[in-house]
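Asks: Here's the letter readout for the chains.
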Amino acid sequence: MKKQLFLLLPLLAFLAVGVFFYSALFSDPRELESALVGKPVPEFELPNLLEPNQTVSQQAFGDGPYLLNVWATWCPTCRAEHEYLNTLAAQGVKIIGLNYKDEPAKARMWLAQLGDPYVLNVMDYEGTLAIDLGVYGAPETFIVDSNGMILYRHVGDVNARVWQAKLADIYRQAGGL
Amino acid sequence: MIAEWGHIAQILALICACLLAVIPMVGSYRGYINWMQLARPLAQLQFLFVAIAFAALCYAFIQDDFTISYVAQNSNSKLPWYYKLSAVWGAHEGSLLLWILMLSGWQAAVSVFSRALPLVAIARVLAVMGLISIGFLTFIQFTSNPFETLLPFYPVDGRDLNPLLQDVGLIMHPPMLYMGYVGFAVAFAFAIAALLSGQLDAAWARWSRPWTLAAWISLTVGIALGSWWAYYELGWGGWWFWDPVENASFMPWLAGTALIHSLAVCEKRGVFKLWTVLLALSAFSLSLLGTFLVRSGVLVSVHAFASDPSRGLFILAFLFLVIGGSLGLFAWKGAAIKSRGQYEVVSRETLLLGNNLLLVTATLVVLVGTIWPLIHKEIGWGTISVGPPFFNLLFSILVVPFVFLLGLGPLARWRRQSMAKWRQRILFALGLSISSGIVLNAVFGDVQEFHAALGVVLGIWVVICTLQELLSHQHGNQTLWQALSKLSRSHWGMVLGHLGFAMSVVGIALTSTYTTERDVRMQPGDTQPLAGYVVKFEQVGPMQGPNYRGTAGEFSVWDGDKQIAQLHAEKRQYLASGSMMTEAAIDAGFFRDLFIALGEPLGGDAWAVRLHYKPFVRWIWLGALVMSFGGGLAIFDRRYRVARRRQSSPAQAVQTTEGEAG
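Taken in order, these protein sequences are the chains called D and R.
Going left to right, the first sequence walks through residues 1 to 177 as full-length UniProt numbering numbers them.
Going left to right, the second sequence walks through residues 1 to 662 as full-length UniProt numbering numbers them.
Since the hints were derived computationally from the structure, they do not count as laboratory data.
It is possible that some hints are incorrect.
[Stated by the list, open to error] Between beta-carbon pairs, the in silico distance windows are:
#	chain 1	residue 1	chain 2	residue 2	range
1	D	Q54	R	F450	32 to 42 Å
2	R	F591	D	V119	37 to 47 Å
3	D	G92	R	G632	52 to 62 Å
4	R	I438	D	P40	27 to 37 Å
5	R	H475	D	K3	35 to 45 Å
6	R	P529	D	S23	48 to 58 Å
7	R	P601	D	G62	25 to 35 Å
8	R	E517	D	N48	15 to 25 Å
9	D	S57	R	A531	32 to 42 Å
10	R	A531	D	G62	39 to 49 Å
11	R	W558	D	V119	38 to 48 Å
Using N, Cα and C, we set each Cβ at its ideal position, and we do this for glycine too.
Go ahead and model the full structure; you've got the sequences and the hints to work with.
Replies: As structure tokens, then:
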């Protein structure tokens with residue numbers, strides 16, 4: 001009896017994983033509520049990725065609204081979304097980058113190769129600002145209004161579908177575009 | 001016109017596969033000899049048709065036949081001919097056809113090199129492979145047909161091959177990789193046939209071994225090529241990224257490595273039968289799973305193929321059928337299988353089992369790390385990426401006990417090893433490897449770099465254990481040379497496999513620790529120090545390629561007053577797609593690579609330049625080549641040919657090979 005159970009184990013494990021595969025085929029990236037929605041962007045002082053000698057705080061972000069995009073070169077999903085960020089930037093959407101626990105040299109190389117959609121990039125080598133923001137992984141994107149308040153948090157890649165379905169409206173209502 | 005012929009051949013191949021899956025299988029149960037005898041010709045015919053289809057697609061690429069949608073999307077008239085050819089497998093549809101070509105090729109090979117097999121066995125093995133072929137041929141025919149035409153409106157020129165793929169490394173990488181992936185289908189089919197007949201014996205293990213080794217070799221070389229390509233082409237100097245696509249090839253490799261070892265135990269000692277059969281099913285199942293992950297779009301990856309839910313659904317249904325079916329068969333038939341051999345706790349069997357478990361753990365680590373983002377998303381916790389820190393940490397932990405057991409395994413006897421005789425050797429090897437590893441790292445590197453020291457210790461441990469094992473074959477008044485020349489090829493295969501692995505471990509540890517990377521601003525005439533050398537930026541200027549234009553930078557590298565290298569780095573912009581590519585300049589050496597890449601222009605003639613010094617990076621790939629060479633020796637071991645010539649029964653064959661190590 002015990003042997004039978006052991007023999008069944010691989011099949012059961014596969015079926016369990018298979019169910020996830022099935023639902024993954026049809027699912028949308030879900031949203032994740034942030035405790036910070038409706039609150040201001042936490043205070044910070046971090047170096048500028050492209051000019052490491054210069055430190056920036058949220059004053060440097062200037063007027064909103066803007067997207068605060070958490071990314072890293074070790075994150076394949078970020079690479080997938082990068083092209084769409086370039087498209088958005090070309091349309092005049094203001095995007096600020098938070099380079100999360102990354103090697104600065106690789107990050108700069110990435111921007112040089114794939115294009116730089118960001119107005120400004122904060123280098124969060126230790127991940128301190130990301131912790132304050134409650135960042136779970138990369139990529140994540142926050143919509144921040146002109147008063148520096150977080151309006152919305154999107155977990156996962158930003159693509160045309162997500163942008164049109166959700167983010168664009170929030171961004172426009174905040175006075176963007 | 002040629003394209004239509006290719007399409008027809010593809011359909012004929014599908015028909016052959018259907019016949020192959022049904023007729024010999026039914027024949028094997030009914031006892032119709034002439035039905036079973038159809039297996040071989042049908043397998044060969046299927047290969048012929050797939051080869052015609054593949055050749056037709058190649059011809060369409062060479063001839064710039066942009067009436068075919070797949071050609072128009074992935075090729076361009078300005079592309080050099082060799083890239084036109086590699087563009088055949090540059091995207092989803094064509095690479096799927098390549099996959100099918102490989103599968104049919106393996107099938108045909110099994111049908112040719114299986115004279116010693118009983119007819120029932122060969123009929124079932126080929127029928128199972130035919131069943132797998134049906135899945136892939138239906139998939140390509142109905143969801144991903146490379147022969148779809150754009151008539152009557154077709155473009156004047158094509159969209160060009162993804163520039164990342166316009167590279168020599170990419171011509172060979174996918175074929176090798178697929179050959180390995182698909183090669184595990186043979187071991188899978190043998191396992192299914194054995195489960196169906198209930199005869200899981202030494203003969204089954206012996207038949208499976210050379211095929212499994214062949215697949216494993218291809219996969220090893222394929223993965224090494226991919227890593228090497230990523231290193232010089234992506235421009236970051238990294239050689240492994242734990243990307244889902246890389247993981248998809250790494251999982252079958254880990255399971256396959258476990259399989260070739262457990263097959264050896266199974267053949268020689270008749271134990272671990274269930275375990276071995278499960279590994280044989282898993283290795284190919286993981287290949288299929290990788291295909292699903294890469295081609296269905298459920299995971300986002302740097303080199304994922306264009307995603308399409310209908311394709312994903314098809315592969316998933318196929319996965320359920322093949323993996324679910326085979327694991328179900330395992331659960332159903334497995335209970336009847338008994339392992340007959342006896343062994344004690346301290347024995348080679350236990351050590352091999354230990355390493356098998358570690359390899360399977362490593363496979364599960366990669367699997368969990370790869371699909372965790374997907375499960376995470378489905379539970380509703382949002383999208384995340386599991387980064388390299390997770391994998392690196394777990395692998396650096398797992399490798400220590402793994403290498404420890406790897407050294408001990410060959411030193412131990414089958415069945416039972418006396419501790420007293422063993423202890424001295426182990427202590428000697430341990431003492432020597434730890435002390436020399438630490439000293440070497442302190443002298444040539446940095447005392448404080450624990451990981452580098454560990455890597456060197458592990459490498460020396462394997463070398464010493466292997467040498468001890470070789471020396472132990474010298475008995476009486478034999479010279480060492482006489483003793484060594486008596487060892488079988490598969491024994492040397494094991495020796496090289498282990499030494500190659502040690503080489504890769506040392507390479508990985510030293511490269512990861514001692515790499516120097518500098519990003520500097522340079523103008524022509526500037527010099528920069530790099531790990532004891534001086535790099536001089538000679539000149540920079542525009543350049544023109546066949547389908548791109550760009551900037552070329554010339555660098556010279558000096559060691560004191562002596563120039564040791566002249567390097568040429570490029571930054572290219574491809575005309576059809578506009579994308580930018582970095583061609584790094586590399587001065588390769590056995591002990592170190594110097595790597596120079598142009599970053600971005602900084603105004604005037606100044607450029608951001610990346611300078612890397614990468615010690616021992618070649619060892620990673622050389623180690624993989626040494627491992628594969630070892631695998632090759634094992635395939636050509638005499639006993640496989642002896643067994644074939646004698647047409648021997650399984651029982652006799654076991655006797656002829658008993659007592660050999662390996």
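Asks: It remains to establish, for every hint, whether it holds in the given structure.
Replies: Hints versus structure:
1. D:Q54 x R:F450: 32 to 42 Å: holds, 35 Å
2. R:F591 x D:V119: 37 to 47 Å: Taking Cβ atoms as reference, F591 (chain R) and V119 (chain D) lie about 45 Å apart, which means the hint holds.
3. D:G92 x R:G632: 52 to 62 Å: holds, 59 Å
4. R:I438 x D:P40: 27 to 37 Å: Violated, at about 53 Å.
5. R:H475 x D:K3: 35 to 45 Å: holds, 43 Å
6. R:P529 x D:S23: 48 to 58 Å: Check passed, 55 Å falls within 48 to 58 Å.
7. R:P601 x D:G62: 25 to 35 Å: holds, 27 Å
8. R:E517 x D:N48: 15 to 25 Å: holds, 20 Å
9. D:S57 x R:A531: 32 to 42 Å: holds, 37 Å
10. R:A531 x D:G62: 39 to 49 Å: Holds, at about 42 Å.
11. R:W558 x D:V119: 38 to 48 Å: holds, 42 Å
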